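Those sequence lines, one after another, are chains A and B.
Sequential numbering of the first sequence, starting at 1, is according to this note's numbering.
Sequential numbering of the second sequence, starting at 1, is according to this note's numbering.
Since the hints were made in silico from the structure, they are not lab data.
Please note that a few of the clues may not be correct.
Unchecked claim - Which chain A residues face chain B? A few, computed with CB under 8 Å, are given here:
no. : residue
1   : Q31
2   : R64
3   : V69
As the structure is a prediction and not an experimental result, all values here were calculated from the model.
Heads up, the beta-carbon is just placed ideally off N, CA and C, and yes, glycines get one too.
The chain contents come next:
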Amino acid sequence: MAAISREEVAHLARLSRLAVTEQELDVFAGQLDVILQSVARIGDVAATDIPPTSHSVPLTNVFRDDVVVPGLSQEGALSGAPDAEDGRFRVPRILDEEA
Amino acid sequence: MTTTVLPPYDDVVARYEPVIGLETHVELGTKTKMFCGCPTEFGAEPNTQVCPVCLGLPGALPVPNRAAIEATIRIGLALNCSIAEWCRFARKNYFYPDMPKNFQTSQYDEPLCVDGYLDVEVDGEMVRVEIERVHLEEDTGKTLHVGGATGRIHGATESLVDYNRAGIPLVEIVTKPIPGTGAKAPLVARAYVTELRDVIRSLNVSDVRMEQGSMRCDVNTSLTPAGQTEWGTRTETKNVNSLRSVERAVRAEMIRQASLLDVGTRIFQETRHFQEDTGDTRAGRSKEEATDYRYFPEPDLVPMAPDAAWVAELKAALPEAPRLHRKRLQEQWDLTDQDMQSVVNAGAVELIEATIAAGATAAGARKWWLGELARRANEEGIELSTVGATPAQVAELQQLVDEGKLNDKLARAVLEGVVAGEGSPREIMTARGLEVVSDTGALTAAVDDAIAANPDVAAKIRDGKVAAAGALVGAVMKTTRGQADAKTVRELILSRLGVEG
Ligand SMILES: [Zn+2]
């Protein structure tokens with residue numbers, strides 16, 4: 001059985017706002033299935049004595065002090081934006097009604 | 001839109017049992033953001049407090065703010081929570097431009113603090129509100145919507161985004177469902193948010209101002225028909241921006257849900273928005289697949305493992321709980337429950353406390369804050385703490401009264417000047433010449449003038465009609481423009497006329 005269905009790929013594409021064609025769905029579903037099946041094989045060798053881990057380095061508590069560090073100017077912040085207005089990023093409106 | 005007749009509240013609580021729940025967001029008052037060193041001051045020009053980290057630029061790496069973690073642990077401890085020995089941040093993925101990263105760094109199944117409670121008092125009765133979790137996340141940017149209405153091509157609506165607020169540490173406090181409060185549910189909700197605000201304020205980690213958005217509240221409400229055990233479907237009401245609105249929102253939602261359940265309509269689990277003007281709730285946006293946030297552990301942040309000794313140290317240093325603190329003050333100030341309640345309702349607890357610390361008596365401090373100043377704050381619709389007088393000034397004013405330099409009327413005039421920003425009470429008294437006339441020479445002259453000008457009255461007094469002295473007191477007060485002590489004037493009149501008081 002495939003690790004990911006065509007419908008799941010379509011769903012993820014929709015959540016990510018990616019325009020994926022019907023043909024691409026077939027291609028990506030197949031490719032993602034290979035990746036997921038390969039990764040799943042790690043589960044075969046992971047015995048109960050190996051705890052699941054989300055980070056590859058055994059570090060905890062990496063914090064910084066509450067000290068201001070200069071950031072970007074407004075001009076710098078907006079320099080990479082496709083569009084701007086009144087010092088703000090201009091983007092397409094996403095929802096009809098705003099919270 | 002709807003023709004449903006809303007049932008009276010008493011009917012609703014007779015036939016249904018409400019279950020409420022509250023999610024509160026508190027913006028922390030740290031100097032910098034959660035994961036970068038950008039400043040957090042309010043009111044800066046748009047996009048001037050941003051950097052590659054909070055703009056989510058490629059390659060930028062977040063590092064958590066220790067002060068924000070400490071503040072969150074302190075909030076958890078103050079709410080009687082257990083602090084996680086190990087936990088992680090998570091990515092909450094969603095597609096909306098208020099976060100430039102396309103995800104919000106939050107916490108999912110491993111919150112920093114869990115399983116606490118907060119006791120609140122409602123009508124003299126204690127209600128224990130169980131706390132499910134306290135977790136740390138980051139605030140979003142502010143979006144401003146333009147287009148359409150401004151005459152652009154139809155449908156070409158756009159949003160303008162300012163990311164100054166994006167990344168400011170935000171603490172989310174979630175209660176467990178609160179059943180069994182019946183008709184008091186709206187009051188319990190309000191009392192909880194009030195108490196929570198006081199607790200957080202006592203920790204000095206946020207200014208917790210609902211009207212300015214540094215404290216925001218979502219209210220969950222459901223109704224269960226009386227006699228049934230399975231809880232009804234709940235709705236979540238947002239846009240609840242004041243303590244009063246918390247109460248109104250729960251009540252309005254209870255009535256609305258009852259009106260639907262009465263005719264067999266089912267309640268949809270949905271987000272609703274409280275309408276400040278009408279006091280009811282309206283259906284909000286329905287975000288398709290909104291709950292599919294695809295949380296996963298944040299790979300760019302290593303886990304947090306708060307050191308037990310550090311947590312113990314923070315716990316030992318917690319201030320007294322506001323509820324206990326108030327109890328102690330009430331005893332010290334020798335107030336009845338009702339009097340203390342007026343002090344609390346006026347938001348005067350800390351102000352009176354500080355005024356006493358500045359040298360005033362409890363009675364003196366309470367008199368000014370609950371009297372003249374509370375009246376002004378009420379009239380202007382502002383908080384008492386922003387009325388324009390400081391505890392030190394009020395203490396000084398009371399001291400001048402106690403020294404006999406000001407009488408009540410003059411003190412009120414001086415306070416007027418204080419609120420208007422004219423200076424300290426002593427300065428205003430001198431500048432405006434408001435001091436009580438205590439120079440007996442000047443006063444005696446004024447008394448003699450009054451006697452000379454009113455020979456008939458003087459004769460009556462000499463004949464023993466002491467009550468007639470009132471007319472002469474009035475005359476003297478007039479010539480001294482109210483700046484004399486009436487009792488002293490009376491004594492002086494009687495002694496000048498050779499009559500025993
Ligand atoms: Zn930043």
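Chain B contact restraint for Q31(A) - C-beta distance below 8 Å = Q31(A) check fails; min Cβ-Cβ to chain B is 19 Å, beyond 8 Å.
Would the hint on V69(A) stand, with a C-beta cut-off of 8 Å toward chain B?
-> 3 Å, holds
When the nearest CB of chain B is found for R64(A), is that gap smaller than 8 Å?
-> 4 Å, holds
This entry does not satisfy hint 1, going by the numbered hints stated previously; all others are met.
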